[in-house]
Every structure is written in C-alpha cells, then in structure tokens.
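Visitor: Chains as they are written, first to last, in this note's numbering: chain A, 277 to 354; chain B, 87 to 320.
If you are wondering where the hints come from, they were derived from the structure by calculation, not from laboratory data.
Careful, some of the hints might be misleading.
Computed list of lysine-lysine pairs in DSS-like fashion (alpha-carbon distance at most 30 angstroms, straight line) [as the list claims (entries may be wrong)]:
| no. | chain 1 | residue 1 | chain 2 | residue 2 |
| --- | --- | --- | --- | --- |
| 1 | B | K198 | A | K339 |
| 2 | B | K215 | B | K198 |
| 3 | A | K345 | B | K279 |
| 4 | B | K207 | B | K110 |
Covered stretches of chain B (in silico footprint by chain A; criterion: 3 or more residues with CB under 8 angstroms from a CB of chain A, positions within the stretch not fixed) [unchecked claim]:
| no. | stretch |
| --- | --- |
| 5 | 223-233 |
| 6 | 299-308 |
These numbers were taken from a predicted model, which means no experiment stands behind them.
The C-beta atom is built at its ideal place from N, Cα and C for all residues, glycine as well.
Given next are the chains, with one letter for each unit.
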Amino acid sequence: METLLPFEKIERKVFTKKSASTDPRYGKFPENRSTEELLEYGVVCLNKPSGPTSHLVADFAKKILGIQKCGHGGTLEL
Amino acid sequence: MQTLLLAGKEYICLMHIHKPASRKEIEDTFAKFLGKINQLPPIRSAVKRQEREREVYYLQILEINHQDVLFRIGTQAGTYIRKICSDFGELIGTGAHMAQLVRTKAGPFNEKEWYTLHDLKDAYTLYIKEGKEEGIRKIIKPLEFGVQHLPKVWVLDTAVDALCHGASLKCPGISKVESNINPKNIIAVMTLKNELIGFGPADLSSEDMIMESKGTAIRLETVIMERGNYPKQL
C-alpha cells in the first residue's frame with residue numbers, strides 16, 4: 277500500500293519567468309551557513325519521549341543548546 | 087512553525103479492541119474510515135466540538151495481536167486518532183480505545199530522520215568541547231528544511247528587501263515558479279540562493295504568475311528573513 281501524504285505525491289516542475297543571477301555579496305546559501313548561524317536559526321526533528329510536554333521538551337532543547345529562543349511546531353494532540 | 091499545523095500527518099497507533107474480532111472484521115471496519123470522514127472532536131480537545139470533515143489518505147494494518155491492532159494512518163491536519171479508535175469500536179460493535187500514538191510525519195519531518203534529546207546533547211557537547219561540528223550540523227537543519235512541503239516561488243535580488251519590510255510579492259519581482267500552484271495555496275517565497283524569505287497565500291496560479299506583468303502574486307503573511315540582508319535597490 278502506498279503511504280504518501282498528498283504533498284508527497286504532487287510533482288512540481290520549476291518554470292523560469294525571468295532568468296537572473298544572484299549577487300554573492302548579499303545573503304547566503306543555506307548550506308554555507310556556519311554552525312553558529314544554524315544554532316541561531318535552525319530546525320531539529322526531535323522524537324519527543326512520552327511524558328514531558330512539547331513545551332517542556334522545547335525548554336530542554338533550549339537549555340542543552342544554551343540558546344535564548346526555542347519553540348516547537350506542533351503538539352501531538354491525542 | 088504555522089505551516090506545519092496545516093500539513094498532512096502520519097501516525098502509528100496501537101489500538102485495543104474490547105472484545106476479540108477477526109482480521110476480516112477489522113479490515114472491513116477500517117475500510118470505512120478511508121477517504122472523507124465526519125468526525126466530532128473528542129470531549130477533551132483543543133477545538134470547538136462540532137462535527138467536521140476530515141480526510142484519511144491511507145490506513146495500513148501493521149500487526150494484529152489478539153485484541154491489539156497496530157496501524158499506520160495518514161490524515162489531513164486536525165484529525166483525531168483517538169476518535170478514530172473509539173469510532174472504530176462503535177462500528178465494530180465491541181468498543182475500542184487508543185493505547186499508544188506516535189506521530190511519524192508532520193509535513194517534511196518524519197521518522198526516517200529524527201533525533202532524541204540525548205543525541206542533541208551529545209552532538210552539542212562534542213561541538214563545544216572538541217570543536218567537532220559534523221554531528222550537530224547533521225541534527226540541526228537550516229530552517230528552509232521545514233518548508234520543503236510547500237510549493238515555492240523564487241524572487242529577484244531586487245525584490246527581497248521590500249518583502250522583508252512586509253510588501254506583497256508583485257509579478258515583476260518573480261524569477262522562477264513551481265508548477266501546480268493555485269490561488270490560496272500557501273507558498274514559500276525564496277531568494278535565488280534558496281533562502282526562505284517568508285510565506286503566505288498565492289493570489290494567482292503558477293501560469294498566471296508567469297504570464298502577468300503586474301499585480302500581486304503572493305501576500306506574505308509571515309516574514310522570516312531579517313531586513314537589510316539584501317540592499318533596498320540594486
């Protein structure tokens with residue numbers, strides 16, 4: 277049985293409206309970000325243990341990484 | 087992130103049926119849950135209790151052990167699996183309840199690559215104490231990872247800063263467009279360096295974004311990129 281969610285089934289092609297280059301002086305390709313930058317703005321897929329709330333786990337992650345801000349992207353509502 | 091709330095989900099659920107049932111009975115009852123279903127959120131829930139339509143994309147029995155059924159289920163956001171179990175119990179006539187639930191997909195995040203808090207702690211310690219970046223860089227992804235499930239539009243360097251200041255994206259600012267975009271779809275707006283600027287609903291289809299020379303294409307409801315990364319006007 278196919279176990280794909282709708283967005284995993286949509287095939288998307290890329291069409292160019294106006295072909296252009298990008299100036300290397302501005303911005304940064306995500307793969308070129310430093311580890312510090314990843315820690316500043318990044319995402320982690322955590323397998324939350326049962327017990328502590330999502331909020332608590334986000335708090336644990338915050339403490340582990342010694343960062344100021346950390347949130348979670350969805351509560352597993354039973 | 088808000089975009090995940092609306093994304094499809096997959097779960098693995100352990101359900102306990104209150105009296106023995108044959109495999110055939112279980113399969114036949116599950117079949118009734120495929121596709122569009124009407125669901126009344128459970129008494130203890132985070133949303134208003136009124137019946138609403140939800141879609142079940144797939145349902146796969148993984149194991150049946152006496153009265154315990156382990157299954158994988160892919161659903162539209164906002165489907166209560168606990169309610170599916172109790173409704174299943176009613177349909178099969180013996181009662182049933184959810185014993186355990188694990189979410190295995192939420193948009194682009196899935197069980198193929200997830201980490202524990204211990205993994206995170208270990209990798210961070212290695213990075214801080216010994217300067218080893220490899221582990222932590224594998225675990226922490228650029229935030230663009232979190233919008234992989236969204237259709238994308240790439241904009242010219244000259245359009246970036248206005249978007250960071252809250253302007254909507256106009257057709258002339260577009261460089262590239264993904265196919266199959268329809269009005270109201272939530273679109274991730276990217277720079278040509280594949281940086282996420284923000285996201286919001288499309289006003290136009292992919293075709294119209296390509297064809298039109300003026301007018302609004304996407305209204306960015308959430309801006310992620312900070313101002314000043316790109317110049318005001320090149």
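Visitor: Now tell me, hint by hint, if it's right for this structure.
Guide: Hint by hint, here is what the structure shows:
1. B:K198 with A:K339: holds, 25 angstroms
2. B:K215 with B:K198: Holds, at roughly 29 angstroms.
3. A:K345 with B:K279: Roughly 26 angstroms separates the two Cα atoms, so the pair holds.
4. B:K207 with B:K110: violated, 46 angstroms
5. 223-233: That given contact holds, which follows from 9 residues of the stretch 223-233 of chain B lying within Cβ reach (below 8 angstroms) of chain A.
6. 299-308: violated (count 0)
Checked against the numbered hints above, the structure violates hints 4, 6; every other hint is satisfied.
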